[in-house]
Amino acid sequence: MHAGSRTVRTHRYKWRQILWNFLKALPFWLLIGGFILIILGMTVTVFLSAFSTHWFGTVLPAGFTFSWFTKAWSEYDIWLYFKLSLETTFIATAISLVLSVPGAYVFARRDFPLKSFLLGFYQLPFMLPELAYALPVAAIFYKLGLAETFTGLIIVQLLVGIPFSMVILIPFIEALDPRLEIAAQSLGADRLRMFSRIVVPQLIPGITASAINIFIRMFGAFVVILLISGPKMQTLNVMVFSVLSATGSQPQPMLDSLTLSLMLPLLLFTFLSMWVSRRLQRRVGK
Amino acid sequence: MKADHQDTGHFQKDTLLLLPSLLPLLLIFLYPLIQGILLTLHKNGEAGFTFYNYIQFFTVRDFSNTIFRTLVLVIPSSILEMTLAFAMAYHLRKPIRGKGLLNGLIMFPLTLGPLIVAVGMIDFFKPNGWFNLFLMHLGILHQPAQLLYNFWGTFISLTILGVGFIFSNLVGLMDSIDPSFEQAARSLGANGFQTFIRVFYPLIRSGVWNIFSLNVIMQLAVYSSAIIVGNPASSTRVFSVVAFEQAMQYFNYNMAETIAVIMAAVQFICLGVVHYIRKKGYVGSASTFK
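Going line by line, the protein sequences match chains A and B.
The numbering of the first sequence is our numbering, which starts it at 1 and goes up by one.
The numbering of the second sequence is our numbering, which starts it at 1001 and goes up by one.
Hint data in this document are derived by calculation from the structure and do not stem from the laboratory.
One or more hints might be untrue.
No more than 25 Å apart at the CA atoms, straight line, and that leaves these computed lysine-lysine pairs for DSS-like [claimed, not checked]: (1) K14(A) <-> K1126(B); (2) K24(A) <-> K1094(B); (3) K83(A) <-> K71(A).
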């Protein structure tokens, strides 16, 4: 009997402990749950509203239709801007990777005077307000006739692309085994061969990861492009912004359809980057 | 790498490989930046050095008020974001099922960017949107709260984006802290609160302040959410709003650049303050024994 009452007491103690832990964790879970609910709610309402016939003051829209979405695509030439965004971003990503892989290699493998100073210089564009250099870039581009051109859009994207790919690539190269390079050189490979046959193939996962990251960043680039873009030469998000900031002119489902067309590629790239990084981790784990 | 240390200080041919990435950056970043600073010292369309633009900024109320309006928006929201994101990241540090998904969802706004978040807010926080319907259904609110096209619209948008940003950085920072420090403290008899205050926080504080200042840098430049969900005519008339207005409506790049330079100066003052606070404690590695 005595033993039984003791187990009851420890049981009660255990239950109190569980209850206490639950109460302690509750505010955290409420916070996390609330935040996630707001984010999901915002995303879902954009989807629902874009395809709704009429939605006013009820929990769900009155009916669903594709007409706003198709109307948005035809009326705003979304395909044109979408293509333009993809093309400029794609070309700029390729150019910034080609330009920064050699530099990142030097940073990861060599010591030279002013190294930390130069590294700081590459990060400076992130530390200064974008406007501080975007405004003079726009002024110079208008003077040179580069503003509102395809080339101009690509050049301006490099402002995001080069520093960002440097910052991502350096740790990737540092993680490679330098002995492979030494072995290649001792077997008679010259620098170019060593670089193209040994370094670049090993770097492909790193380059893929940074390409996707830069792509997402550039796709969302805004300030400089807004300043140098014209009515015919602009990216999708600048176009969506200019429609949005001219308030009240368009019905809400139309604006949501526009936003959705901007959101879908970003969602696609995000899943792509998650997939790639998971594969990378698995490879490293091996 | 170690073998290369003997080369330190000597010019190497390899260093020339830096040029392909350095030259474009000099041309499209450093040169415009210097040009920009020179721009601020001219009156629009006139030659000759003056401080006209700076005097104008500090004497015209519409310009000088932007400093106050931006800071009132950014500093409180940054503090709130840090508190929320810290609580979430600290709680999600333990191994929990579905942790990856929760982390991904909290960082999700960061991927979407300010533009999409602003549109999502219009749908979600409007007077008859889900947020207000839900709170009125619960009886917390009797009238829909006005959360759009005013100060609070921009504040909420900044908070949602900032929590995502700070959280994503804190996850990495907290992962780098060796849990054996805390285990040691607990086994020596400290309770959870003491362990947090005496062991965990001192290890992490330097990183936390770093993330805080990065977030402030990002948010001082707030523009699209101030336009779309704020009230750009009065309460959210921040630096960028006025600078864009000067550049794109009045084509006065000189004044616009002046505003951008003052924005950079305010940013550096904020960074200096944060750095001062940060320096007053232990600054060093938190993963020594890992």
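Which of the stated hints cannot be reconciled with the structure, identified by number in ascending sequence? Hint 1 is the one this structure does not satisfy, whereas the remaining hints hold.
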